[in-house]
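Number of protein chains: 2
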Amino acid sequence: MSFSKRVLVLLPAETRHKALLQQSAPECRFLYSTYRDVTREQVQDAQIIIGNPPADYVKNSPNLEWLHCHSAGVDSFLKEDVLPKGTALTNSTGAYGLAVSEHLLGMLLEIIKRLHTYRDAQKLHLWQGQGKVKSIYQSTVLVIGLGDIGGEFARKVKALGAYVIGLRRTCAEKPDYVDEIHLAADLDSLLPRADIVAICLPATKETNRLFSRERLALLKEGAVLLNASRGTLIDTEALCDALESGHLFGAGLDVTDPEPLPKDHRLWEIPSAVVTPHISGLYHLPETLERVVRIAAENLRLYANGEPLNNYVDFTTGYRKKK
Amino acid sequence: MSFSKRVLVLLPAETRHKALLQQSAPECRFLYSTYRDVTREQVQDAQIIIGNPPADYVKNSPNLEWLHCHSAGVDSFLKEDVLPKGTALTNSTGAYGLAVSEHLLGMLLEIIKRLHTYRDAQKLHLWQGQGKVKSIYQSTVLVIGLGDIGGEFARKVKALGAYVIGLRRTCAEKPDYVDEIHLAADLDSLLPRADIVAICLPATKETNRLFSRERLALLKEGAVLLNASRGTLIDTEALCDALESGHLFGAGLDVTDPEPLPKDHRLWEIPSAVVTPHISGLYHLPETLERVVRIAAENLRLYANGEPLNNYVDFTTGYRKKK
Chain Z
69 MSFSKRVLVL
79 LPAETRHKAL
89 LQQSAPECRF
99 LYSTYRDVTR
109 EQVQDAQIII
119 GNPPADYVKN
129 SPNLEWLHCH
139 SAGVDSFLKE
149 DVLPKGTALT
159 NSTGAYGLAV
169 SEHLLGMLLE
179 IIKRLHTYRD
189 AQKLHLWQGQ
199 GKVKSIYQST
209 VLVIGLGDIG
219 GEFARKVKAL
229 GAYVIGLRRT
239 CAEKPDYVDE
249 IHLAADLDSL
259 LPRADIVAIC
269 LPATKETNRL
279 FSRERLALLK
289 EGAVLLNASR
299 GTLIDTEALC
309 DALESGHLFG
319 AGLDVTDPEP
329 LPKDHRLWEI
339 PSAVVTPHIS
349 GLYHLPETLE
359 RVVRIAAENL
369 RLYANGEPLN
379 NYVDFTTGYR
389 KKK
Chain G
69 MSFSKRVLVL
79 LPAETRHKAL
89 LQQSAPECRF
99 LYSTYRDVTR
109 EQVQDAQIII
119 GNPPADYVKN
129 SPNLEWLHCH
139 SAGVDSFLKE
149 DVLPKGTALT
159 NSTGAYGLAV
169 SEHLLGMLLE
179 IIKRLHTYRD
189 AQKLHLWQGQ
199 GKVKSIYQST
209 VLVIGLGDIG
219 GEFARKVKAL
229 GAYVIGLRRT
239 CAEKPDYVDE
249 IHLAADLDSL
259 LPRADIVAIC
269 LPATKETNRL
279 FSRERLALLK
289 EGAVLLNASR
299 GTLIDTEALC
309 DALESGHLFG
319 AGLDVTDPEP
329 LPKDHRLWEI
339 PSAVVTPHIS
349 GLYHLPETLE
359 RVVRIAAENL
369 RLYANGEPLN
379 NYVDFTTGYR
389 KKK
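Those protein sequences? They're chains Z and G, same order as listed. The numbering used here puts the first residue of the first sequence at 69, with every later residue one more than the last. The numbering used here puts the first residue of the second sequence at 69, with every later residue one more than the last.
Please note: incorrect hints may appear among the correct ones.
Copies of the same chain are indistinguishable here, so a pair counts whether it falls within one copy or spans any two.
[What the hints assert, rightly or not] Simulated pairs of lysine-lysine, DSBU-like, Cα-Cα distance not exceeding 30 Å: (1) K331 to K191; (2) K273 to K389; (3) K200 to K147; (4) K86 to K191; (5) K86 to K200; (6) K191 to K153; (7) K288 to K389.
Since the hints were made in silico from the structure, they are not lab data.
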């Protein structure tokens, strides 16, 4: 019954985090490093990796059995020939709902209350109204993807009095935190109804450029678009046009395409665009790291005991598998 | 049973609003104007005023029976010798809870998610993390004043997972949207417990400079202070010091003292201060005007029918009277 593996941990683990992980599989040998410092050799030697190594370091690893990503998005490991055949892949769904949904809510309020332009005015010492604002209360919010992040965001805006429409890939009963539930196929008919649209989908082949120029045109005049998924889900140039023309009231983007956004990209300067540098899911919120470690430790315990893992990612869809 | 009065309305009333007011008291004569355009003569001639005239115009009015303010705060009419003796004074409590509480929530998230510094970075085309953030979830929020605005704000942060402590002037049962209720006398013992403090009190003699240098020092290291009341409730210089020293994580101020904030005031430049120019309760949110008109129309109907008015302000306390 001995379970002795070489586990590489790429997390900013503090002593109590290390203790938690080691308790889950006491006979394993743990090596702690970081994305920046870890070597190809260390990655190739590991049987289990917790955290996200540089994708090209894992290629053709002779030892890797299981990669547990610290992230919710695992798109860089879904590409062909990155993970050795048969490698188990799990993610940290459940760790990011809090941090990302609060960040999304903050960007949303920043846009609809014009707090970004009030900030600009403050820098100029300008005591001056910036015009009409909108409310979350009684607005219609379309949440695309009801996973950890989308579900948490839907709960929040519903609690603040919005009418919430949820969109899911697969058939499911309506959760109590949305007012309507629809399938992905209904997207185009729902877009014109929404005052606020939040994209909370994983990046897969199917979701690439989901928000094409044509789909952006379906959004209601004066709508607000939020993206907490991946920048590649939106046609950036078409979005810039929709913002500059005034078709959209604003966009809150924690992710962009390309990323990082180049210094001279037009998006930086669009007054109604609020851009943050893909940080809502980092460890800037201490609770996020706590959750990542708890999820990893539990999965390690399951793996050591030969039990089915949580948060298995289905390679064909890029979505989490139902356990 | 005829009720024929001269009613001066100082609201940006559209046709449907005028119809609503006139339905409430069909025999009255209505004059519509604005704060800027109204003359002293028109104010002195009115028997009923709906909206806020320049305070010195109402002094010694021989005709004024009732002033219904469009605002929640009525401090400028509470000063001695402003209103003729015996004038009834009512306010528009109930109209501002939505707009101001959403604005407060936006400023709070802007501060704790560092969206203001991300905005500054965006202006510089800088793709760069700005450091640790905080969450509303599991934070302790002290809401001082549970009127329309404080109550709405308390509901919102509670729905977002905060532990909410409410502070009231008078004894009352705990509403279900707070976790604890306390009386004003407990303020000093509660300040060190709160991660977030929201001031939602009317401006009265008692609340003037409530947040003195000594009280600001009682706040927890790293706390966030929000003010949606009046700037005069806080010692501005002491607040600037508490922000600059890093004792406070940030402050969200829709009101300042003095107001407007002078061009060369140090508060403008403090990185952790978010200042908006007393706009959260204006008609920037269209729903606010709808509510103001509904409240006024209902009160006018009550007045015309000789029934007790809603939202009577007690001159001695500056608070709303229980009906």
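Here is what the structure says about each hint:
no.: 1; hint: K331 to K191; result: both (21 Å within a copy, 11 Å between copies)
no.: 2; hint: K273 to K389; result: within (17 Å within a copy, 62 Å between copies)
no.: 3; hint: K200 to K147; result: neither (46 Å within a copy, 32 Å between copies)
no.: 4; hint: K86 to K191; result: neither (44 Å within a copy, 40 Å between copies)
no.: 5; hint: K86 to K200; result: between (51 Å within a copy, 22 Å between copies)
no.: 6; hint: K191 to K153; result: neither (55 Å within a copy, 46 Å between copies)
no.: 7; hint: K288 to K389; result: neither (34 Å within a copy, 44 Å between copies)
In summary, the numbered hints that this structure violates are 3, 4, 6 and 7.
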